[in-house]
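Going down the list, the sequences are from chains Z and Y. Using the working numbering, the letters of the first sequence correspond one by one to residues 81 to 248. Using the working numbering, the letters of the second sequence correspond one by one to residues 479 to 754.
Some hints could be false.
[What the hints assert, rightly or not] Short, incomplete list of chain Z residues facing chain Y, as computed with Cβ under 7 Å:
hint	residue
1	Ser130
2	Leu134
3	Phe138
4	Met151
5	Gly152
6	Ser156
7	Val168
8	Asn170
9	Leu199
10	Tyr211
11	Glu213
12	Tyr219
The hints are simulated quantities; they were obtained by calculation from the structure and are not laboratory data. Beta carbons are placed, not taken as given, at the ideal position from N, Cα and C, and that holds for glycine.
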Amino acid sequence: MLNTILKYTGLFILLIAIQVLLMNNIQFSGFVNPYIYILFILLLPFEASSWLILILSFITGFVIDLTSGNMGLHISATVFAGFLRPYVLNLVSPHEGYEQGDLPGLKAYGFRWFITYILIIVFFHHLTLFYLEVFRFEYFFRTLLRVLLSTGFTVLFIIIIQAIVIRR
Amino acid sequence: MRNLLNFLKKFGNVLLFVLLEAIAFYLLASKPNYHSIKLSKTLDATSAFVHEKVNHATDYFSLNEINEQLLSENRELRNAMQRIYRNSEISTFSVTDSIYKQQYIYIQARAVNNSVNKQKNYITLNKGILSGVRKDMAVTGPEGIVGIIVEVGRNYSLVMSALNLDFRLSARLSKNGYFGSLTWDGADINHLNLSEIPHHVDVSVGDIVETTGYSAVFPEGITVGTISEFDVSGGDFYDIKVKLSTQFRKLNNVYVVVNLKKEEQLELETEIRGTR
Chain Z
81 MLNTILKYTG
91 LFILLIAIQV
101 LLMNNIQFSG
111 FVNPYIYILF
121 ILLLPFEASS
131 WLILILSFIT
141 GFVIDLTSGN
151 MGLHISATVF
161 AGFLRPYVLN
171 LVSPHEGYEQ
181 GDLPGLKAYG
191 FRWFITYILI
201 IVFFHHLTLF
211 YLEVFRFEYF
221 FRTLLRVLLS
231 TGFTVLFIII
241 IQAIVIRR
Chain Y
479 MRNLLNFLKK
489 FGNVLLFVLL
499 EAIAFYLLAS
509 KPNYHSIKLS
519 KTLDATSAFV
529 HEKVNHATDY
539 FSLNEINEQL
549 LSENRELRNA
559 MQRIYRNSEI
569 STFSVTDSIY
579 KQQYIYIQAR
589 AVNNSVNKQK
599 NYITLNKGIL
609 SGVRKDMAVT
619 GPEGIVGIIV
629 EVGRNYSLVM
639 SALNLDFRLS
649 ARLSKNGYFG
659 SLTWDGADIN
669 HLNLSEIPHH
679 VDVSVGDIVE
689 TTGYSAVFPE
699 GITVGTISEF
709 DVSGGDFYDI
719 KVKLSTQFRK
729 LNNVYVVVNL
739 KKEEQLELET
749 EIRGTR
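Bound-form chain Z, shown alone:
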């Protein structure tokens, strides 16, 4: 138990650091803003209860908000993503169901399963985030383009991070 907590604390700090030091400095005409910190919520164990996920989502969003200046923005998007997680896991579950003690990572149930799982959650997270950030319908399609492009890059970076950094 303590081991798990330590492991996730390490993961949390690592992801926040990558987000703040690397990802926030990507300046590609404002259309590509990957938010990879969401991987923390995605990687929580299968048996984590939904209220725990919600609380952790809140804390993650709060920490990211502290570094970005728009208080509440990342909280709402991340809490929404955390809320969706159990439903999405249900939706994409393999025939034999999930095994206890597994992590919903890249190696758990194959590449296709992982891609579908993170793609759905990252998309909804970015959708909430970017529309809340703009908070007007004026630039609807441009915002949608930002959502799609950023989702693509976030998923790409998440896979890279999964493949290189976290070998568990």
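Assemble the complex: chain Z is given as a structure, and chain Y must be docked to it using the hints.
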């Protein structure tokens, strides 16, 4: 009682979700966004400190460019001085008239944190209340406008960059004085949109756009940029794209503009509005 427990078991996470989202929206709606000052002073100090250190290191790489900027600004200033000297040679005059009292003071500051990739971009400066920076002051760079101070801490202040969907500024064409309203549409970090310039006005590509000074925030005549393209939209007004003269990506040295007569102007304006 059991029903209540069952209900909580079933919908507890939905209730928690709604509660957390409510908190998030409350935070989102409570303006000024200076996270750090309101919520955690220590974190602000550390993050600004880290940014400043990083900035300090990366500064050396752009020293050439910064020098270039400052040199060209110096040149402009020398030119302006030259004109003044020549005038005073023709007729020496000493001024005690209140008209000639100094209206603006410039405080030099450095951008220690800056973003251009969001829809609402903010810049952190390394000067705060202790250096005389206050809310609603204008910020300019060596090349043109930068933004407006929205929050101040003791040693740092937060600037709403011109690259922010909430940014509004009145600006005019320097050649004929027609003014319109300047906004950013969130698409291109090198261009702002100038609207409300009527059709009959003579507009051409390359015209200089500058601030008006109507708002008591920006001094008159600070460069915004040049017109890069314009379009006759459906209504009675032009759609004008202004190429910014300030390079927001490379922002470094900026000036906070203190308007010494702002109080007086605002007082007068509210007085007039009050009697109407």
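Okay, the hints, checked on the actual structure:
1. Annotation: interface hint on Z:Ser130 holds; nearest CB of chain Y at approximately 4 Å, less than 7 Å.
2. Taking 7 Å as the C-beta cut-off, the interface hint given for Z:Leu134 holds, the closest approach to chain Y being about 5 Å.
3. The criterion of a C-beta within 7 Å of any C-beta in chain Y is met by Z:Phe138, whose closest approach is roughly 5 Å, and the hint holds.
4. Look at Z:Met151: its Cβ gets to within about 5 Å of chain Y, closer than 7 Å, so that hint holds up.
5. A distance limit of 7 Å between C-beta atoms decides the matter here; for Z:Gly152 the minimum to chain Y is near 3 Å, and the interface restraint holds.
6. Interface hint at Z:Ser156: satisfied, since its Cβ lies 4 Å from the closest Cβ of chain Y, which is below the 7 Å cut-off.
7. Taking 7 Å as the C-beta cut-off, the interface hint given for Z:Val168 is violated, the closest approach to chain Y being about 14 Å.
8. Interface restraint check: Z:Asn170 against chain Y, minimum CB-CB distance 13 Å, threshold 7 Å, status violated.
9. For Z:Leu199, the interface hint is violated, since its Cβ never comes within 7 Å of a Cβ in chain Y; the closest pair sits about 22 Å apart.
10. The interface hint given for Z:Tyr211 is violated, since its Cβ lies 10 Å from the closest Cβ of chain Y, which is over the 7 Å cut-off.
11. The beta carbon of Z:Glu213 comes within 5 Å of a beta carbon in chain Y, closer than 7 Å, and the hint placing it at the interface holds.
12. At its closest, the beta carbon of Z:Tyr219 sits 6 Å from a beta carbon of chain Y; the interface hint therefore holds under the 7 Å criterion.
Going through the hint list in order, the structure does not satisfy hints 7, 8, 9, 10.
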